[in-house]
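> If you want the building blocks of each chain, they are given just below.
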Amino acid sequence: MLLRHTIDEVKERKALTINPAKTCQPVGAMYASLGLHGCLPHSHGSQGCCSYHRSALTRHYKEPVMSGTSSFTEGSSVFGGQSNLIQAFNNMFTVYDPDIIAVHTTCLSETIGDDVSQIAQKAIDDGKVPEGKYIVQASTPSYVGSHVTGFANMCTSIAKTFPEVSEDKLNFVNILPGWVEPSDMKELKRIMGIMHVPFVMFPDTSGVMDAPQTGKHNFFPKGGTKIPDLKRAGSAAYTFALGKFCSEDAGLALKKKCDVEFETFDIPLGLKATDRFLMKLSEVTGCPVPEELEDERGQLVDMITDMEQYLYGKKIAMYGDPDNLIPLTEFLVDIGMKPVHIVTGTPGKYFTEKMASLVPDANFKNGPQADMYLMHQWIKNEPVDLLIGNSYGKYIAKDENIPFVRMGFPIYDRVGHSYFPLVGYRGALRLVEKILSVIMDKIDAESTEEKFELVM
Amino acid sequence: MSYEKIDEYMLDKYPKKVYRKRAKSVLPNDPAEPGEIQANVRTIPGIITQRGCTYAGCKGVILGPTRDIVNITHGPIGCGFYSWLTRRNQTRPESDKAENFIPYCFSTDMQDSNIVFGGEAKLKEAIQEAYDMFHPKAIAVFSTCPVGLIGDDVHAASKEMKAKFGDCNVFGFSCEGYKGVSQSAGHHIANNQIFKHVVGLDDTRSDSKFRVNLLGEYNIGGDGFVIDELFERCGIEIVSTFSGNSTIGAFENSHTADLNLIMCHRSINYVADMMEKKYGIPWLKVNFIGTEATSKSLRRLGEYFEDEELIAKIEAVIVEEEVKVKAELDLIKPNTKGKTTMLFVGASRAHHYQELFNELGMETLAAGYEFAHRDDYEGRRVIPNIKVDADSRNIEELHIEKDEAKYSQKLQDKKAALEAKGVEFSDYDGIMVEMEKGSLVIDDISHYEMEKLIDMYKPSIFCAGIKEKFAVQKMGIPLKQLHSYDYGGPYAGYKGAVNFYKDIDRMVNTKVWSLIKAPWATGAAMNASFVKVS
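In the order they appear, the protein sequences are chains Z and X.
Per full-length UniProt numbering, the first sequence starts with residue 1, numbered consecutively.
Per full-length UniProt numbering, the second sequence starts with residue 1, numbered consecutively.
Please keep in mind that the hints were generated in silico from the structure rather than gathered at the bench.
You can take every hint at face value.
Lysine-lysine pairs mimicking DSS-like chemistry, simulated, CA-CA at most 30 Å apart: (1) 24(X) <-> 458(X); (2) 14(Z) <-> 97(X); (3) 380(Z) <-> 124(X); (4) 21(X) <-> 216(Z).
Far from chain X, by Cβ distances over 12 Å, these chain Z residues were calculated: (5) 195; (6) 272; (7) 295; (8) 298; (9) 330; (10) 362; (11) 452; (12) 455.
For every residue, glycine included, the Cβ atom is placed at its ideal position computed from N, Cα and C.
Isolated chain Z, as found in the complex (with noise of 0.2 Å):
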C-alpha cells in the first residue's frame, strides 16, 4: 500500500494539512503571465519558489518555462527587496528584452512588505524600463487564497493596465477564458471562428505552453495575447468572464476602467455549461449557433445514450479547481453518474453553495482541511467507482483499485492535456471517452474468461 497510513476514521482536524488539493498563489500568477506574447514572468522574492513554480509548470506542460527571480538572500529579507528587483529589471530587459515583465509576489516580499508598484515606477523614473516596455504587477502571497486566486490575480492586474479606455463599443466580445488547457484554449478560439464572432482573449497560452518542436528555441513562442489586443479589450461590447474564481475580478476590472459589459459562467465544460456559453454569445452579438456545433452537440448526447448503461448510477470521487469541479459535477449528474466526494483546498463560499445545489447528498469541502486525506477516508468509507483529479490521486486510485481519469493540475505523468481539449462539446465528447475507457479497462481486466466481451 502506496498510502498505507491513511485510517478510515474520519477526525476533524484543525491545523494539519495532509495531501492538499491546492498549491499557492503565485504558480497561477506564472501560468497566467506566460499567457502574454513576449512576456517574462519574473518572481519577486527568494529564488526556490521560483524554480519549484518553474518545474510544477514545466512537468505539467512538458515546455520550457522562463521566468526571472530576484533571489532574495538575508539581507534583503531585512532590508527588503528594492534593489534586488530594480537589478533583476535591469537585467532582464537587457539579456532577454521582454515586451511586458509580469511580477508577482511570494509570501517572503509581501511579508516584508514591499511595494512592487512603488518599485516598478522608482525603476521606470530611473529609466530602467526601455520605452515602450510594460511592467504588470500582482499581489500574490501564498498564505492567501490558492493557486486559483493567483492566477485571478494576475489576469486581474492585466485587465487593469492594458485595455484602454473608448467610448465607442465594437463588435468584438473579450474571452477571459479562465485556468484551462491550452489545448481548451485553442478550442475555445475554435468555437468563436465557427460562431464568426470576433473576440480578444487573454490570457492564451496556446502557441505558448504547446510549442513545436522545430529545432530552435524560441525564448518568447509565437503564442499568448499580443499587447495591441489586450489594449484593445477595453472597446470590446462584452466580457465573458469563464470562471467565477479565475475570471470574475478580471472581468469586474475591465468593466471598472473601460465600462465594457460582462457576466460570469461556468467555464464551458460538459453538456449545460456550453450550451449557456453558446446561448448568451449568440445573443450578445446576433450569431446564431451554427450547424455544426449542433452537430457536435448531438454526437455527445449520442454518445452518452450509447453508453449509459456504463455511466448511470457510478459514484465517483474529485479533487481539483472549484472553476473545473462545479461545471463537471454538473454534467457527471446530467450523464447520470453520482460524484460523492468533492474536494478542493481554494477557499470560497461559492464552490459550497453550488454543491449544495447540484449534489446535496455528497460530501463535499473546500478551504482550509479539505485535501486529499480527507477525501480518500471518505473513499473508504464509501467506495467510489471513478476518481478524477490531477497526478497525485494515483497512489489512491492504485491503493484502492480505482479506475482513475486525469484533469486538473498538476498532470505529470500522462500526455495529451496540452493537445486534447476537454472544454465544448468536443471536449465533453473527449472526456467521455476517457471515463468509459478507464471504466471499461477495469471490466476487461477483472472480467472472468467466459464474460470476456468483445462487443461493449
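The hints should help you fit chain X onto chain Z, whose structure is shown.
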C-alpha cells in the same frame, strides 16, 4: 574559437556589473593547475538560474528520502506541495506494515491570520494531530520564508512537543528559503540537525565485521539498492545511508560504523568530519557511478579493512561484473564514441557522471555545478582559503567535541597506520583535476549562458534538470536529467552503468532528432501546380 572569445561571446550581452561577476565563475580548465573559480555566491537577480532554495535542500534533498519521519512543512501550502514526492527517491520498507511516509505531504498551510498573529500555536496543534493519527518515531518541522520573518520558534515548539510525547523525537529546521545562496545551505542545516538530534542515540552494534556508512547517496532511481546489493555480496554491512532509503533508526545507530564513505562531497562532507571528530570514524571519498569508479571504490574498502577474505570476495565480484559490463559496452561504444556532452547539475553528479561518459568514449566539453563551493571544483586543499561571507555565516557551524565514551581510538590508529602506507583519507580533489585541459568549468550557469554554450558547441547530449530539459530539447539536443534520471535508472554500480550506457545510446541515436525538419523545409521544390479542371 579561443576560450577568451567564448567567454566574451557568452557573457558580453550582460550589463557591466553582471559581466564582471559572471566572468569569475567561468574558467577554461587546466587540470595541472586548477584555477580559482567563484562559487557559492549569490545568484544575480533576474538571471534565470537553475538554483532552488535552502528549504528545498533541507526538506526535499536530505530529509525527503527518509521514510519513517513525518516531515511537516511549517508555512503556506506551496513549499510543502512542491516538495511532495517530486524527486525520485525510492524506498523499500521492511514489510507491508512498516512505516513509509514518503508518499504523504504534511503542511500547516499557514493563512494570513497566522502570519499576523503568529503560527506557533497552529504548528503545535499540527504536530499533535500528526502524532495522534500516525504515532511516528519522529516528526521533523521545516521553516519556510514567512516563518523566519514572523519569528515562530520551531525549535522551542518541537522541544515542547517532544517532551510531551516522550516516545516521539521531534526536531525543527530553520531552513527558510532566503538563507544562504542555494540548496547547499539547506543540506548543511538538515545534516546539522540530524547530527545533533539523532546520530548517536542507539549504541547497538551488529556483529558483522565490516561496517560502513554511505554518506551523500540519495537512492535516486534505486541507485542505493544497487550499492546495497553489491556490498552484501562482498560481505560489507551498510549501517546507514544518508539519506537514501533511510530510517531514523539507521541514523541513530550510524556512529557505530567503522568507516564513512562519501558519495556526494558537497551535500554532506561536514557530517563525515563531525563524525570523525566526535566518534573517531575515518572517511574516504568514493564513487559508485561508473564501472572503473565502482571497482576502485570497492578496492579501497578492501584496502581499508585489510582482510584477505574480504579482498578475495571483492576481487571476485569485480571480475564477474566487469566481464558482464565489457560485453555490453563492446556493443554500445561504437554508437557513442566520439560524441560530446555537457553536465550542469547539482554538485558531484556533474563530476561523477563524466566517468560514465568517458567509458562510452564521449568527451565532456563543459561542466559545472548548480550549488557547489570552491572545494568541489578545486579540491579540499582550498577549504582554508575560502572566504566566509555573510551568507555562509548565517548557517550554524556545530561545535563538536570528542565523545569520550563512544570515540574509537582503534579506528584512528588504523587510519594512521594506513596513512603511513599512503592511503589518502579525508580527501577530495574536486572536479577540475579530472577534466580535460581546455574544457569549460562554469559555476551556477544561467539560462542565457547555457543557450550560448549549446549554440557554440552543439553537444550530442546535455545533462541538467527538468527546468532546462525542454528548452534544450527544443534546440534539437537531447537532455538527460541527472536529478530524477528522467524516471530511468538505477545508474550506480555495474548494473547501473549498463543501464546508463543503454539510455545514452538511445538518446543520442534515436531517429526522432533527424525528423525535426519537415521534408518541404529542406529544399525539395514544388514542380507542379493545380490546373483548372473544366
